[in-house]
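Assemble chain B onto chain A, guided by the hints.
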Amino acid sequence: MGKADRMSAIATSGAQQPTASAASDTIVSFRGVQKTYDGESLVVKNLNLDIRRGEFLTMLGPSGSGKTTSLMMLAGFEVPTHGEIMFDGQSLRNTPPHKRNIGMVFQNYALFPHMTVEENVAFPLSVRRVPKHEQKDLARKALAMVKLEGKENRHPGQLSGGQQQRVALARALVFQPKLVLMDEPLGALDKQLREHMQIEIKHIHERLGVTIVYVTHDQSEALTMSDRIAVFNDGIIQQLDSPTGLYETPQNSFVAHFIGENNILNGEVTAVDGAFCKVRLNGGTEVTARAINIKGVGSRTSLSFRPEKVLIEGINADHPNQLPARVEETIYHGDHVRVRMTVAGSEGFTVKMRFRASRPIPVPGEEMAVAFAAEDCLALDPV
Amino acid sequence: MTVPASASAAPAPADPAATHDSPAALKQKLRRAERMRKLRAMGLIAPLFFFLLITFVVPIADMLRRSVHDTELSTVWPTVTAAMKGWSDRSTVPDEATFAALAKDLRAAGETKTLAVAARRLNYAVDNGRSLVFGTARRLPVNATNWKETLIGIEPRWGQVETWNAVNQASGPLTSFYLLAALDREKLADGSIIKAPEQNSIYIDILERTFTVSLSVTLLCLVLGFPVAYLLATLPPKHANMMMILVLLPFWTSLLVRTAAWVVLLQEHGIVNEILLALGVIEQPIRMIYNRVGVYIAMTHILLPFMILPLYSVMKGIKPHFMRAATSLGATPTEAFIRIYLPMTLPGIGAGALLTFILALGYYITPALVGGAADQMISFFIAFYTSDTVNWGMASALGAVLLAATLVLYSLYNRLVGISNMRLG
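Protein sequences appear in the order of chains A and B.
The numbering used here puts the first sequence at residues 1 to 383.
The numbering used here puts the second sequence at residues 384 to 808.
Mixed in with the good hints there might be a few duds.
[Said to hold, decoys possible] Mimicking EDC-like on lysine to aspartate or glutamate, the simulated pairs with C-alpha atoms at most 20 angstroms apart in a straight line are:
1. 352(A) x 234(A)
2. 99(A) x 78(A)
3. 132(A) x 718(B)
4. 99(A) x 718(B)
5. 621(B) x 38(A)
6. 45(A) x 55(A)
7. 570(B) x 453(B)
8. 702(B) x 184(A)
9. 487(B) x 417(B)
10. 578(B) x 510(B)
11. 45(A) x 234(A)
12. 147(A) x 137(A)
13. 309(A) x 375(A)
14. 309(A) x 376(A)
15. 702(B) x 78(A)
Hints were generated in silico from the structure; no laboratory data involved.
Extracted from the complex, chain A is given alone in its bound form (with noise of 0.2 angstroms):
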């Protein structure tokens, strides 16, 4: 039960913060804000959410979530339907996105051609109107901070996509906003280049101090990256939480199949104890389960499984959850070994099984137990 503490108390100090000194601890507010293009449908369907100071948050979500809508808005490139976003206790109704002192980082890095890198860096602070000598000094040193020394007299165009992103990243950064926003700055990086900078971006992020609200539909750059992550679908926040708090306890069938690899088995809610419930799967069997999304007994339910809570061995007899299983198909993936099977009558249950030369792989057709503990069974809206 260690595990499901950890997670309750991440769950309060969760919910204590915003409570105690909202004023200042809060940068950024969305106070239902909706948003529509056409008329006729929402793009963002009452966003309420509080960005802390100082926090890294990420909005993840599928394309057309309303993700970057949100951001955009705050950013001052789009205006609300409805609803009002406030910015260190200001609205920012009737502020221009030019006098938001909002730094921002583009999707594909919006570096101006025709200025050096060193010129691109100073612009902020020459419209500005830092003094030239000054406006040198703050974008070298921006510049030292992602590691592009020598490159100052260079041209955008003659840069690799990792240096441009570190320019872009210099130049939103430079005039020391309180707030920076990015939209999928890391989209058009290879992948070793990309984790490498989100790294990077996190210990620029812990060094400054500032806030930053990203944007990315890549679950794994979210939970790599930020303090929170707001999962955004049809509109909707789905969940806020922390990196944790998301992958261990989804709130619902969509964050537990977004946020990492989920299986589902689907049944109906026989009773309800506390935290806990009994669920009757499709094919009849009974399970215990953690009651996180369900409407009751007699409820359909979808129970959420991640492939590596899964036992498939030293299963006792009399192992309260367990289920008969036929193996499908195994993978070898050199850490593991990825067993996708049927469990219960539904097909492509994915069990992830640490692997030992010891102990030989499951063959397919193989006919065996799958057990789990029940606080690693979530039950959840039904799919």
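Showing chain B alone in chain A's frame:
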């Protein structure tokens, strides 16, 4: 033990040359590999290349040659032009032998009826050169002991160095006379170049006028075309296509038709004046045609698409996130426009301006139809010399000046904006 040794050597590259080529050998390989591709490329452009060579390059080269090649006089007056070679003391008139040669040529030309050719050629360089030639020929005696005195007696101008300088310069086969004349300059007998007298100096003015008109038209096109191109590039495709057709429609109409249409519209009792009169804006019809205003209106209208299209294609490539980035970094919309958008459209402005300007430089029909006498550009005079007075030397010289000016501007543009490298194959 040779067997193990060779066995151990086996894994090494079998052919060292394959992996360790000298740079020269590698270059040769590359050349060989690319030869086929180059040949094919050349084969594809060959038809156009020969077409242009025969119909464009050769005639132009021939015309340019005519601006410095001058054999009109030496064909009809072979003796005197040959004798001019011996004229060394340029401060006095030539010797008796040259005068004798002149008399001989005058007679011979009179017999073959080619005197008019010589008269026309000398008329370019000598005031009343025609009367000089015909007058002398008419009163030429059959024999004379001293041709020098006799000829000067008939026509005192033969006693002037200027006359002989003109004959000398017209003797060919090469001359700088036409090119200098095209720049309002003339060469004195001693070889120094001076400005031509006031009454003969018109070409610098015409050249200036040509450039002024072209530049004004280019600027007008830029001012009018820039917002249109911006709108075209930013409108949603449905409306943009509609607008594009409006831009291109005049482009597809004959130049002559459009010019004629402007004549109808702008004339004293044309539609524009009638409307302005009816509205009470003016009381007298304004003169909008057969003057500079008409030229500007018609030429700007005709050349606008050449400005809009390059601008549009460049603007189409400027993604909106550049402007967004600029404003997010604190630039006001105006500042973002001036410091980010405008510099990014420079290649388009450059291309459009160059295209418009160079096209405008050579404009002939439009100024001829809607301009007055003081609005004719250099092409008008080229046409005038080519077909009216058959002074091909002068026409070629003016053409050469125009070509040179155009090339200078082009290289300047290339230096400033840069034209993507052209490479064959």
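Evaluation of the provided hints:
no.: 1; hint: 352(A) x 234(A); in the structure: violated, 31 angstroms
no.: 2; hint: 99(A) x 78(A); in the structure: holds, 15 angstroms
no.: 3; hint: 132(A) x 718(B); in the structure: holds, 18 angstroms
no.: 4; hint: 99(A) x 718(B); in the structure: holds, 13 angstroms
no.: 5; hint: 621(B) x 38(A); in the structure: holds, 17 angstroms
no.: 6; hint: 45(A) x 55(A); in the structure: violated, 24 angstroms
no.: 7; hint: 570(B) x 453(B); in the structure: holds, 15 angstroms
no.: 8; hint: 702(B) x 184(A); in the structure: holds, 17 angstroms
no.: 9; hint: 487(B) x 417(B); in the structure: violated, 66 angstroms
no.: 10; hint: 578(B) x 510(B); in the structure: holds, 16 angstroms
no.: 11; hint: 45(A) x 234(A); in the structure: holds, 8 angstroms
no.: 12; hint: 147(A) x 137(A); in the structure: holds, 15 angstroms
no.: 13; hint: 309(A) x 375(A); in the structure: holds, 10 angstroms
no.: 14; hint: 309(A) x 376(A); in the structure: holds, 7 angstroms
no.: 15; hint: 702(B) x 78(A); in the structure: holds, 17 angstroms
Hint compliance for this structure: hints 1, 6, 9 are not met, and every other hint is.
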